[in-house]
Amino acid sequence: MAGRSRLPAADLARIAAFAALTAVLGLPGSFHLFGNAVPVTLQSMGPLLAGAILGAKRGALSQLLLLALVAAGLPLLAGGRGGLGVFAGPSVGYLIGFVVSAFVVGLIVERSGRRPGVHWVLAACLIGSATTLAMGIPVQSAVTGVPLTETFQLSLAFIPGDTAKAVFAALVASGAQRAYPDAAPAARRERVEGRVGRRTGGDDTGAGRA
Amino acid sequence: MTLLTGAYVPGRSVVHRTPAGLKLAVLAAACTALVFARSLVAVGVATAVVVALYALARVGVRAAWGQLRPLRWLVVVLLVVQVLIADLPTAVALTARLVLAVALAALVTLTTRTTDLMAALERALRPLRRAGVDPGRVSLLMSLALRSVPVVAGIAGRIREARCARGRERSVRAFAVPLVVGVLRHADAMGEALQARGLDD
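For the protein sequence lines, the chains are A and B, in the order given. Residues in the first sequence are numbered from 1 upward in steps of one, following the numbering used here. Residues in the second sequence are numbered from 1 upward in steps of one, following the numbering used here.
These are calculated hints, taken from the structure and not from any lab test. Worth double-checking, as some hints may not be accurate.
Stated by the list, open to error - A partial selection of chain B residues facing chain A, derived with a Cβ cut-off under 10 Å:
no. : residue
1   : Ser-13
2   : Ala-106
3   : Val-108
Said to hold, decoys possible - Some but not every residue of chain A turned toward chain B, in silico, with C-beta under 7 Å:
no. : residue
4   : Pro-8
5   : Ala-17
6   : Leu-21
7   : Leu-67
8   : Gly-73
9   : Gly-85
10  : Arg-114
11  : Thr-144
12  : Leu-148
Built from N, CA and C at the ideal position, the CB exists for glycine as well.
Generate coordinates for the entire structure from the input sequences, incorporating the hints supplied.
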């Protein structure tokens, strides 16, 4: 029963690695904007990259895995935040948004073929970034008791940065997909299914996956 | 690597010795109760309880402040906005409620080992086995991710140096594209190692 939906080892490894990548993108000092004036963490690129490269289901699982580690007390969020406190605080909606936006980005990129064009990935990342805000702002409003319109106005300051990160994420994901063809969800699915097909078609090492 | 030690403060208090699952259940119940605490009196009682629990756990002021510090600016903004749209007692009650919920959750984190919390999570997932979730694989995933954090940080460090050597310190693509490709290489090598150990059989 459990065997049907069990993820193959290769997928487990990719999910774990992208959870770690999102954590590392949250470390300060990985890069600076405007000279060295404004240290920016790239953590919010993590869900977009995970979705664009792993696809909807695996991308979302990688972000869920990161949240599970954070809940277990590890300081993996931007600025070294972690522990159960963040799930009681006002930013919990944005964290759930990580999972949902990875899923949304993955859905769009999966449907755009073996070599997704930059425009598709860009559209996916922008929509994914907007999804995070759409999840985060209402929850923040509910947790803090500040009405929705005021919360929205307070969050406007983040929109330029988030847009820039979505564009970066799209460029990076497309670049990675050119450099490593297996980085496109559709291409990988095709190759993995092709390999399974060959195996079941008379290869003696067969049986393997699933 | 200090990054991965978590916030646990060792101790032998009653709070430390309470099982992780029970603490999580109490935390969930308390956070729900806090949603309904709207009067100043209720919030005052809740504050007293939380302070008493911290005293009982003896985690120290520094550790407690470390957990609440990220909230400090938010508290100021919240108070100002609430006073503008409502009145002072409402503002204090709403803000205190939020701080208390975060403080309680942080207390669980401070007094429970990461491994115990992970084990509690694994137990909580057990009923999902029918839906195809294998708790053993979930804990494997968590340890793979933990192992990958220093590896990925190492890849990032190497790429940063290479980028400097090429004189392209400012280019984000020159950093992030090789990072993502490096992470994928690491992931796929790890996947093959797992397969070789018979994980897919």
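Do the hints match the structure? See the list:
Hint on Ser-13/B is violated. Least Cβ distance to chain A is approximately 17 Å, over the 10 Å limit. A cut of 10 Å between beta carbons decides the hint on Ala-106/B: the least distance to chain A is about 4 Å, and the hint holds. Interface hint at Val-108/B: satisfied, since its Cβ lies 5 Å from the closest Cβ of chain A, which is below the 10 Å cut-off. For Pro-8/A, the interface hint holds, since its Cβ comes within 7 Å of a Cβ in chain B; the closest pair sits about 5 Å apart.
A distance limit of 7 Å between C-beta atoms decides the matter here; for Ala-17/A the minimum to chain B is near 4 Å, and the interface restraint holds. Annotation: Leu-21/A was flagged as interfacial toward chain B, and the flag holds, the nearest CB pair being 5 Å apart, inside 7 Å. Below 7 Å, beta-carbon pairs count as interface contacts, and Leu-67/A has none with chain B, the closest being about 11 Å; its hint is therefore violated. Given the 7 Å rule on beta carbons, the hint for Gly-73/A holds: about 4 Å separates it from the nearest Cβ of chain B.
At its closest, the beta carbon of Gly-85/A sits 4 Å from a beta carbon of chain B; the interface hint therefore holds under the 7 Å criterion. Given the 7 Å rule on beta carbons, the hint for Arg-114/A is violated: about 16 Å separates it from the nearest Cβ of chain B. Residue-level restraint check for Thr-144/A holds (minimum Cβ-Cβ distance to chain B is 6 Å; threshold 7 Å). Checking Leu-148/A against chain B by beta carbon gives a least distance of about 12 Å; that is not within 7 Å, so the hint is violated.
The structure does not agree with the numbered hints 1, 7, 10, 12 stated previously, though it agrees with the rest.
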